[in-house]
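Novice: This is what each chain is made of:
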Amino acid sequence: MKRFLVPLVVFIGLVVFLAAGLSRDPHEVPSPLIGRAAPAFDLPRLGGEGDAGAARFTPADMRGKVWLLNVWASWCVSCREEHPVLLEIARRGDLPLVGLDYKDTLPEARAWLAQHGNPYLLTAVDADGRVGIDYGVYGVPETYLIDQAGTIRFKQIGPLTTEVLAQTILPMAKELRR
Amino acid sequence: MTRWLVRFALSVALAAAALGAQAREAVPLADDQAVEQRLIGIAQDLRCLVCQNESLAGSRADLAEDLRREIRGLIRAGKTDPEIVDYLVSRYGDFVRYRPPLKPTTWLLWLGPFVLLVGAIAGLILHLRRRSVPAAPLSEAERSRAVALLGGEG
Chain A
1 MKRFLVPLVV FIGLVVFLAA GLSRDPHEVP SPLIGRAAPA FDLPRLGGEG DAGAARFTPA
61 DMRGKVWLLN VWASWCVSCR EEHPVLLEIA RRGDLPLVGL DYKDTLPEAR AWLAQHGNPY
121 LLTAVDADGR VGIDYGVYGV PETYLIDQAG TIRFKQIGPL TTEVLAQTIL PMAKELRR
Chain B
1 MTRWLVRFAL SVALAAAALG AQAREAVPLA DDQAVEQRLI GIAQDLRCLV CQNESLAGSR
61 ADLAEDLRRE IRGLIRAGKT DPEIVDYLVS RYGDFVRYRP PLKPTTWLLW LGPFVLLVGA
121 IAGLILHLRR RSVPAAPLSE AERSRAVALL GGEG
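Residue numbers (this note's numbering), protein chains in the order written: chain A, 1 to 178; chain B, 1 to 154.
Derived by calculation from the structure, the hints in this document are not laboratory data.
Errors might be hidden in some of the hints.
Here are the simulated lysine to aspartate or glutamate pairs, EDC-like style, with alpha carbons at most 16 Å apart [as the list claims (entries may be wrong)]:
{"#": "1", "chain 1": "A", "residue 1": "Lys103", "chain 2": "B", "residue 2": "Asp62"}
{"#": "2", "chain 1": "B", "residue 1": "Lys79", "chain 2": "B", "residue 2": "Glu36"}
{"#": "3", "chain 1": "A", "residue 1": "Lys103", "chain 2": "A", "residue 2": "Glu81"}
{"#": "4", "chain 1": "A", "residue 1": "Lys103", "chain 2": "A", "residue 2": "Asp147"}
{"#": "5", "chain 1": "A", "residue 1": "Lys103", "chain 2": "B", "residue 2": "Asp66"}
{"#": "6", "chain 1": "A", "residue 1": "Lys174", "chain 2": "A", "residue 2": "Asp147"}
{"#": "7", "chain 1": "A", "residue 1": "Lys103", "chain 2": "B", "residue 2": "Glu65"}
{"#": "8", "chain 1": "A", "residue 1": "Lys65", "chain 2": "A", "residue 2": "Glu88"}
{"#": "9", "chain 1": "A", "residue 1": "Lys174", "chain 2": "A", "residue 2": "Asp94"}
Just need the whole structure built from these sequences, with the hints factored in.
Specialist: Take a look at the structure:
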């Protein structure tokens, strides 16, 4: 009996180890940007419906607010999946939502928003993807929670879900606004 | 026979069409060969984040092309190789490196295999020692019985 104990323990250890490894999503790469200042940029706005502000946007414009930066594109399929969540954020007025239109064309981006609804306060246009590189974007959609001082507090890679919103982002935003 | 030939020709044609559809235009090489050489040297050790088992040098993903363009710019701007790697690590994390640095969070990764090896060797030595304990010498009765069983010789 005892001679089977050691291999059994080793086997169970291995199974636990491998199961933990398999259940993790290798596409969720921890961002080194958490806790760091959101990289500065100065980009033209998409304009169009509901955006009557200045012609350009920089993250400094959002100083003093807790806000979300959502990277999207009209060619991005998963963006359709998360869009209802974004519209819900805008409808309830949870957080100011800024879009970053990543490697897209203006007519397609405008048409996409016209078709699916525009949840954004404004959208900045990152046509060549340079700002995306500064933010470590590698799979659209990605969403950043940025605090009053301009520090990135949380990054969601892939579509935003109601669970992530309710369990992580909104509590964090509430905590930050205190 | 002809039927078989027609089928074969059709499948070859279809396969060729599929391959043709996948192939993309060759990206023009940068004019500067020295820059390109350095780019390949750096990008070979970096991971493409979109298709994670490809290096940044070999990947045809859009983001990889953008990042290569970015690295070319940095090389022309006179940055050193470690500076360029740091540029990418500060945005994408250590995950972009195929050779992760040795630090507390990667100790297990670097030292784990050696710990396992040492453990296995220790286990083996222990096992062999236990096995090689010499058996007690035979008593006179046992010896004579063994002789009898072996046919009386010896």
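Novice: Does each hint fit the structure? Answer for all of them.
Specialist: Results of checking the hints against the structure:
1. With a CA separation close to 10 Å, the supplied pair Lys103(A) and Asp62(B) stays within the 16 Å bound.
2. For the hint linking Lys79(B) to Glu36(B), the alpha-carbon distance of about 14 Å falls within 16 Å, and the restraint holds.
3. This hinted pair does not check out: Lys103(A) and Glu81(A) have alpha carbons roughly 19 Å apart, beyond 16 Å.
4. Proximity of Lys103(A) to Asp147(A) is assessed by CA-CA distance (about 26 Å); at most 16 Å being required, the pair is judged violated.
5. The suggested pairing of Lys103(A) with Asp66(B) holds, with an alpha-carbon distance near 11 Å, which does not exceed 16 Å.
6. As the CA atoms of Lys174(A) and Asp147(A) are separated by approximately 11 Å, the hinted pair is consistent with the 16 Å bound.
7. Proximity of Lys103(A) to Glu65(B) is assessed by CA-CA distance (about 13 Å); at most 16 Å being required, the pair is judged to hold.
8. Between the alpha carbons of Lys65(A) and Glu88(A) the distance comes to roughly 19 Å, so the proposed pair goes past 16 Å and is violated.
9. The straight-line distance between the Cα atoms of Lys174(A) and Asp94(A) is roughly 10 Å, inside the 16 Å bound, and the hint therefore holds.
Of the hints listed earlier, those the structure fails to meet are numbers 3, 4, 8, in rising order.
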